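Chains as they are written, first to last, in numbering that gives the first Met the number 0: chain A, 0 to 254; chain B, 0 to 254.
FYI, nobody ran anything at the bench for these hints, they're computed from the structure. In this text the structure is predicted, and so the values were computed from the model without any measurement. Incorrect hints may have been included.
[To be verified] To spell it out: a stretch of chain B is covered by chain A in this simulated footprint if at least three of its residues, at any positions, have a beta carbon under 8 Å from a beta carbon of chain A; those stretches are:
1. 66–75
2. 99–107
3. 213–220
We treat Cβ as the ideally placed atom computed from N, Cα and C, and that holds for glycine.
2 protein chains.
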Amino acid sequence: MGQKMMREQEMIELYYFEPPNANSGKAFLTLLEKNVDFVRREVQFLEFEQHSPEYLKVNPKGQVPTLIHNNRVITESTPMGEYIDEAFPGPSLIPADPLARWRMRCWSHYLDIDFGPALSMIAWSRFIGPMMRAHHPDKVQAFIDSVPTPERKIAWQTAIRGTFTDDQLSESARRLERGARKVETALTGRPWLAGASYSLADINLLNFFGSMPTFLPQVVNATVSPRTMAWLQKMAERPAVKRMRAESKPAPWSR
Amino acid sequence: MGQKMMREQEMIELYYFEPPNANSGKAFLTLLEKNVDFVRREVQFLEFEQHSPEYLKVNPKGQVPTLIHNNRVITESTPMGEYIDEAFPGPSLIPADPLARWRMRCWSHYLDIDFGPALSMIAWSRFIGPMMRAHHPDKVQAFIDSVPTPERKIAWQTAIRGTFTDDQLSESARRLERGARKVETALTGRPWLAGASYSLADINLLNFFGSMPTFLPQVVNATVSPRTMAWLQKMAERPAVKRMRAESKPAPWSR
């Protein structure tokens, strides 16, 4: 990783959940696409490391990912993506045309407020909640107590204890299906999500949507969403995506 | 408004809730700051015009604002702001420095997902819900039936019927207070929200935060938030802000 050499010039560290996906994956893949050499700081999700005293010194909100660029602490994965594109050399990941940029930002916003939270709820309900509850109850309680903000405390409690209502779960399932249709429609007229060129929108989508063919095979498959499947294949062939996947350990819930 | 003359060259229309504030105000003020000459298309909120068949032809989601730029239909007020800045000449509203841009985008994102929804809930609970319920129940029901997406139907129902829980209302009140502290802190080190220059972050904040000194005078006032009050004064002196206010009728809930 050339860690020592790099520190002599620029200090670039990324704190992220291992294996990189969702918000962590967005930042990780964007750095790889820009050919930025960065120090990997894995944060172990199932060990609750995101709320450890050490990590709260890095990001007092206890959220992941966090990028440290020299003395700058950059949080919030969506604005972070544009920051990485603008602050480092390498191929541009933001289209030149204002209309394509607008589309890129609408996609990122939609993933942030609609598709992402829906996927997260379903994943917690199916896989992550049960794994979390396998910890000793005292450890779980200590973790919930360590969450630094009240609204995130409520969210973690609901997720860990699996107290989503049936209405909430079916609304999230509906949003995932709508998202799958939306992606297929967008890719019908354009090679990439925002237009003629590969952009942060594709990076952000891959990190939420990449597992949909295995997660919801009845919704994303070669028959009903051929353009989505072709886009996923094209993404899988990108050198940066290959590098990210080669570095990733299997997710705890699929080990 | 030079409407006819303009249409010969470029077609620029903004559909917005009258008087412009919140998301509608963001787009309205950004256009004024860029000196764009645009056709005003008022959408009457209390008359439910945003879900009329005519408006659904413009924006099938029934959301406001919508910008029509030649044949382009631009929605989603936050990406719309960057679109307006990039697609039209005039003074730049996006800082040149990547760090200041990142701050600008973090502020817009925070207003979208945290402060804005909290303010909206409190405003609905105090003013707008009761005014909506003054309509004939059949009209209210017809409006709810006309909402085009299920999740927005639920949101409108809750807002119109005023069925927010006490927990939800106190969480929103807490978020407004936290927001007021966050704004004061940000303005302590910098003249504008994102850094050395006026940006979309200031525009977006004004349209959510502008009424805080009257709305929550115990939280935003010259004693506890002097920098915020000075920023509001500086905003009020901008020619574009003066123009927006001169054009605005008083809000229905303050008539």
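Results of checking the hints against the structure:
1. Counting residues of the stretch 66–75 of chain B whose CB falls under 8 Å from any CB of chain A gives 4; the rule of at least 3 is met.
2. Given as covered by chain A, the stretch 99–107 of chain B passes the check, having 4 residues with a CB less than 8 Å from a CB of that chain where 3 are the minimum.
3. Only residues whose beta carbon comes within less than 8 Å of a beta carbon in chain A count, and the stretch 213–220 of chain B has 0; fewer than three means the coverage is violated.
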